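Since the structure of chain A is already known, use the hints to place chain B on it.
Taken in sequence, the protein lines are chains A and B. Residues in the first sequence are numbered from 1 upward in steps of one, following this note's numbering. Residues in the second sequence are numbered from 1 upward in steps of one, following this note's numbering.
These are calculated hints, taken from the structure and not from any lab test. Please read all numbers here as calculations on a predicted model, not as lab measurements. Among the clues, some could well be false.
[Unchecked claim] Chain A side only, calculated, beta carbon under 10 Å to chain B, not exhaustive:
hint, residue
1, R29
2, W30
3, M34
4, G144
5, Y171
6, W195
7, P232
[As the list claims (entries may be wrong)] With a Cα cut of at most 30 Å, we get these calculated DSS-like pairs of lysine-lysine:
hint, chain 1, residue 1, chain 2, residue 2
8, A, K124, B, K290
9, B, K107, A, K15
10, B, K197, A, K124
11, A, K178, B, K107
12, A, K312, B, K290
13, B, K290, A, K176
In this text, a Cβ means the ideal position worked out from N, Cα and C, and glycines have one as well.
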Amino acid sequence: MEAATWTEKKTMTRKERTGRFFRNAVRSRWLYAMSLPFVVWVFIFHYLPLWGWTMAFQRYRPGRPFFEQEWVGLEHFRALFRDELFYQVLRNTLAMSVMGLVAGFVVPIFFALMLNEIRLMFYKRFVQTVSYLPHFVSWVVVAGIVTKMLSTDGGPVNELLVGLGILDEPYPFMAKGKLFWIIVTLADVWKETGWNAIIYLAAISGIGPELYEAARVDGANRIQQMWHITLPGIRTTIIVLLIMSIGHLISIGFEKQFLLGNNLVREYSQVLDLYALNYGLGMGRFSFGTAINIFNSVVSVILLLAANGIFKRVTKESIM
Amino acid sequence: MGNRLLRSSTVSDRLFDAFVYAYAAFVLVITLYPFLHVAAISLNDSIDTVRGGITIYPRKFTLKNYEMIFSYQHLGTGFRNSALRTLIGTVLGVISSSMLAYTLSRKDFQGRRFVSVFLALTMYVSGGLIPFFLLIRELHLINTFAVYILPGIVSAFNVFVVRSFIDGLPYALQESAKIDGANDFTIYWRIILPLTKPALATIALFVAVGHWNSWFDTYLFNSQAEHLTTLQYELMKVLQSTQSNVDYRARNMNEVMAHISPESVKMAITMVVTLPILFVYPFLQRYFVKGMTLGAVKS
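Bound-form chain A, shown alone:
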């Protein structure tokens, strides 16, 4: 049918085509009525901010009409790349996103594999339900819990370590900059492992039982079955998700860092978005802050395109 309408279209004059378009539009007026308002919505809240990118090339002063703004070219980007703090912030962002990416991949896959091996169904279901719990809790609460668990006065982790004689006195985990990246990564793992495992478990349940039968006949033990059947069985799922997360690598957000950080660990906790918030918005330097946002977005898109390119090579499929 598609092909037929296409050849028809080709032989039509422009007038006929416009007529057809409008007849079609009238016929699907309800569909337009149900989608256009939301398209306008998306345009306002998702596309209009992109227009704001022009600010990064101006010395933006609020309240002035667009054409009366002073254009300064790449001055703000030069200022950004000269700022020593920028490199510290970029290091923190990259470090925490790479750690988050690796841990956020390895741990849920491991968790899904382990869960799949539990034969007591009620136990498996209970563990799984409990594992979703932290995903639904806000970062405000999780940050509060992490701070509480690691606190020096009465924090369970310190009490345990002192009780076991591993530490002589409580250790101020939250005040050590060097530990901040690890704490953020572990907090993320604690919060999202169960949730992220959902997709892997779904993929595992799609593997045919005859494969396991065959392996058992060949004398494969459980670990071998897991390694040679389950893991290769979810390979595609892993690759797709990996590439999707690479696109989001640098835009890791700032909630965790904002809520878990404090002045003592600032050198390790500040990420690009917080930097834009504190040194752009907080100080009224809108143009400078926008330059940071643009850098962030552009790097994200480049990473996504690169990841998609590699993915295409590997699997001859595109995710976009």
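Chain B only, in chain A's frame:
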């Protein structure tokens, strides 16, 4: 099942089993312990808590901490606003996602491709915090309740979750309704909406949790308007007033004392903020598991 367990007779298999069960138990403990610890402290006498050593049950049981919460004047306001934004935001989010998803699932809709790409792009490109902040200011949404609702009405991810669900429904249902003379809106309202309930339950949960848990929009846009505060924002302010943070935020010791609320009260507030979610999510489990899988396959 017991038979299967017995049959896995090799030593390595039995060791493996032991490891798997121990690992699962470990996950259970590290996930549940912190919540039980918080609950125990919230139910423990606040002065007794300072002595330390509370594990997962209260040593000196009391409900005083929960009574204390009522003296935090902003908490009631925060609760009202959080509940209101969750309710309104969820209803509007479900309507927008399902309507858009329906139009995108109609293969005879001309705008289909354009709208799909237009939406999908928003998942990857964003203008960033500062242009967004200025937009909100231009629209005069600072210090308004509307800023909680308006920006988030349409979510591309949710639209695609519902769309892949609708794609799985038999098209013949729509065809026959059409022959009976139903217009597209009637088809959406009478046929699509009732049939997509599982998908809608999933995104309703996503949207509701997102609204209930958000605090940053209050911090950024409405921190000057006390009557617009939200529960998470109030909790954030209370929790962030810990020793290490207060050290640089407060100027003298009196101020520190004024800002620090007893540990037990903090934990009681944490419980109040968390409990509604704990009661809801296990019942929606089968929906969101399905929804997550659908969303991942399509997007």
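Hint by hint, here is what the structure shows:
no.: 1; hint: R29; verdict: holds, 8 Å
no.: 2; hint: W30; verdict: holds, 4 Å
no.: 3; hint: M34; verdict: holds, 4 Å
no.: 4; hint: G144; verdict: holds, 4 Å
no.: 5; hint: Y171; verdict: violated, 14 Å
no.: 6; hint: W195; verdict: holds, 8 Å
no.: 7; hint: P232; verdict: violated, 19 Å
no.: 8; hint: K124/A with K290/B; verdict: holds, 18 Å
no.: 9; hint: K107/B with K15/A; verdict: holds, 24 Å
no.: 10; hint: K197/B with K124/A; verdict: holds, 27 Å
no.: 11; hint: K178/A with K107/B; verdict: violated, 55 Å
no.: 12; hint: K312/A with K290/B; verdict: holds, 27 Å
no.: 13; hint: K290/B with K176/A; verdict: violated, 41 Å
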